[in-house]
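Peer 1: One letter stands for each residue in the lines below.
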Amino acid sequence: MNRLQKVSADAASAGRKIFCAFTTVGYPDLVKTEKLVLGFARDGVDIVELGFPFSDPLADEPTIQYSSEQALAGGVRLKDAFDLARKLRKKRCEVPLVFFTYFNPIFRYGTKKFLSQARSSGFDAVLVPDLPPEQEGDFRREAKAQGLAQIFLIAPTTSPARMRMIARESEGFIYYVSLRGVTGARQAVPSDIRRHLAEIKKTADKPVLVGFGVSKPDQARELSRWSDGVIVGSAIIDRIRKADGRIEPASEFIREMVLAVKGETGGR
Amino acid sequence: MKLKKSFKTQPDSKGYFGDYGGRYVPETLIKALDELTLAYETIRRDPGFKKELQSYLRDYAGRPTALYEARNLTSLFNRARIFLKREDLCHTGAHKINSTLAQGLLARRLGKKRMVAETGAGQHGVATATAARVFGLQCVVYMGALDVERQALNVYKMKLLGAEVVPVHSGSKTLKDATNEAIRDWVTNVETTHYLIGSVVGPHPYPKMVRDFQSVIGRETRSQIQARIGRLPDYLIACVGGGSNAMGFFHPFAADRSVKMIGVEASGEGVNTRHHAASMTKGTPGILHGMKSYLLQNADGQVQLAHSISAGLDYPSVGPEHSYFKDAGRVVYHTADDKDALWGFQTLTQVEGIMPALEPAHALGFLKHFMPKTRKTENVVLCLSGRGDKDIHTVQTVLGDAKKEGCR
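If you read the protein sequences in the order shown, they are chains A and B.
Here the first sequence is numbered in our numbering, starting from 5 and rising by one per residue.
Here the second sequence is numbered in our numbering, starting from 8 and rising by one per residue.
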């Protein structure tokens, strides 16, 4: 059983929700990214999405764009993301790691080389927001061959037939985009979400996590009631940004969010 | 080569021209792209739509545009005869209106209330704002903050036309970033909004659809030149940024093996500097704005900034069908730098009394290097994609005091 499967099995048997946190590799710097992730794991985050910055992140809103620009200005490279995963694993941090990036850095690096490096450095899954399931069959096959799960997104605009296809194709979990639009910390939970989630859960045999715009404990708790858990990203970056690069407020925020979603924090 | 037979039938059903094109977009946009593809495939066979579009192109945009034999320019080189396809005579001053009228009509048919567009030089923005007026749609134009400065006149025009112009401060503050922002807007407002892409770029079906809407340029040229010289031309020459004027000009000739086609990219301060926009000459295949195509990028796959004196060519990638034509050898791509473009601008102004936009001025500048290689019995048609009014300020700044510099 791989790390992602273990998370969903454990959550299912304990009857609790899954909490996934996103952060940008190299923002505010690589050392802090590592500290942040180690903290996430300690505080009960179940899955960590590591976002590798791309110069033209067209599915991201200004907060994550900003962190990407900063990380790139700091000179972060793909190798740094692989090294980070290796360090985390060496420190016995066993939280499942999802490699999140746009397709171009992967394509340029070489699909096969990228996937094998991601796997060997300790990543468990890949999520490429501009690569819907029907693009790049070679990438899909190679990811499978390497034993890396490929996570796909379902949007409120996804048709029912396509939703079933994506629910089948997505591995590890299904990422439900809770709001039309780009990522961002928003205030209200959209009203049509329950219906969509219920439809997806009818066909899905893996956890359905809700992301894009999850920013508050109450909202996270409410969303996780209708799903298998939540993904939080922009709100984390936002806290780091507002604290001028200090990560403590983000860690504090994560503890609140984990508590809201799972009813407990890590604190092993 | 197996590619050749299929020049007219590209792209495939997934939007690929050979290895290029496709749909590299967030899931949120798939439904809108599917809807658009279906709507486009339906309307392009619909006689009612065709008729309506034709009447707008004729009575509103001013088509057909003239094919002008530039005798003075021809005498300057004393080689092949040079003809100019006068897209600069279109309403709003460039070929962009061909596609914005068509897409505006399409948006109205789709029941969309709002159009968003990106713009570099501002020509596409003005053409979009114009179409929005005719069809009664709301219009938001994203424009790089740098371009907003460079093209103040077009910004004001768009505002007069009732469009909201949003300056984009992210990244390089130019066309590429304006495109990211327009896509983000579309992702957010997809159900009410049509994204009116200005070139043969972006996810499927845009490269195909914009090509088809711009192909009126090549179709007219074909019949006009045949009427004039009784045969097809030997050369077609056009500038290439995203590549919509070139693709619309070239495509109707794609299967005519005797017609040699040349695309001219902007090499800015030179292809061997870091400041150019020659994505096919210096780039490598990559993915940007929903498509796979030649791309200026670094070893890590981060997109590099393009540079050109003309905002309209200042784009780090190119339409996927151009990448396909390049690899297949159907179109040959050369470059012209900022200086060539200024030469082209000044020369056409002085010998023909036609002030070209800085984009086609690159194609004109290329003539300086190219014409000596041609023969008197040959014929060259150059696509004069737009007029130069918008660039007067840039030219003035660069040339300084023209009299002092000893302009003839």
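Think of the hints as simulated: they come from the structure by calculation, not from any bench.
Idealized CB from N, CA, C, for every residue including glycine.
Accuracy of the hints is not assured; some may be wrong.
In silico lysine to aspartate or glutamate, EDC-like type, Cα no more than 16 Å apart, as pairs [unchecked claim]:
1) B:21 x B:41
2) A:117 x A:73
3) A:83 x A:98
4) B:21 x A:138
5) B:289 x B:334
6) B:21 x B:42
7) A:83 x B:307
8) A:117 x B:334
9) A:39 x A:252
10) A:220 x A:256
11) A:116 x A:146
12) B:180 x A:73
13) B:38 x A:252
14) B:383 x B:76
15) A:220 x A:260
Far from chain A by the CB rule (all over 10 Å, computed), these chain B residues [what the hints assert, rightly or not]:
16) 21
17) 31
18) 32
19) 35
20) 55
21) 140
22) 163
23) 168
24) 183
25) 222
26) 291
27) 336
28) 399
FRET-style restraints, in silico, Cβ to Cβ [unchecked claim]:
29) B:278 x A:138: 22 to 28 Å
30) B:406 x A:247: 46 to 52 Å
31) A:142 x B:339: 54 to 60 Å
32) B:156 x A:95: 46 to 52 Å
33) A:172 x B:52: 50 to 56 Å
34) A:13 x B:54: 58 to 64 Å
Peer 1: Taken at face value, is the distance from the CA of residue 334 (chain B) to the CA of residue 117 (chain A) at most 16 Å?
Peer 2: violated, 25 Å
Peer 1: Taking 10 Å as the cut and beta carbons as the points, is residue 32 (chain B) off the interface with chain A?
Peer 2: Nearest chain A Cβ is 6 Å from residue 32 (chain B), so the label is violated.
Peer 1: Hey, residue 21 (chain B) versus residue 41 (chain B), does the alpha-carbon distance stay inside 16 Å?
Peer 2: holds, 10 Å
Peer 1: For a C-alpha distance cap of 16 Å, please report whether residue 289 (chain B) and residue 334 (chain B) respect it.
Peer 2: holds, 14 Å
Peer 1: Honestly, do residue 172 (chain A) and residue 52 (chain B) meet the 50 to 56 Å range at C-beta?
Peer 2: violated, 34 Å
Peer 1: So if I understand the rule, the pair passes when the alpha-carbon distance is 16 Å or less; does residue 383 (chain B) with residue 76 (chain B) pass?
Peer 2: holds, 14 Å
Peer 1: If we take the beta carbon of residue 183 (chain B), is the closest beta carbon in chain A still more than 10 Å away?
Peer 2: Check fails; 7 Å does not lie beyond 10 Å.
Peer 1: Hint check: residue 220 (chain A) vs residue 260 (chain A), CA-CA at most 16 Å. Holds or violated?
Peer 2: holds, 9 Å
Peer 1: Need the status of pair residue 38 (chain B), residue 252 (chain A): alpha-carbon distance at most 16 Å?
Peer 2: violated, 41 Å
Peer 1: Would you check the hint for residue 83 (chain A) and residue 98 (chain A), treating anything up to 16 Å between C-alpha atoms as holding?
Peer 2: Measuring from Cα to Cα gives roughly 20 Å; hence the hint is violated.
Peer 1: Would the non-interface assignment of residue 31 (chain B) survive a Cβ cutoff of 10 Å against chain A?
Peer 2: Given that some Cβ of chain A is not farther than 10 Å from that of residue 31 (chain B), nearest at about 4 Å, it is violated.
Peer 1: Under the criterion that the straight-line Cα-Cα distance not exceed 16 Å, is the pair residue 21 (chain B), residue 138 (chain A) satisfied?
Peer 2: Judged against 16 Å, a Cα distance of about 9 Å means the pair holds.
In summary, the structure is inconsistent with hints 2, 3, 8, 13, 16, 17, 18, 19, 24, 26, 29, 31, 33 from the numbered list given earlier, while agreeing with the others.
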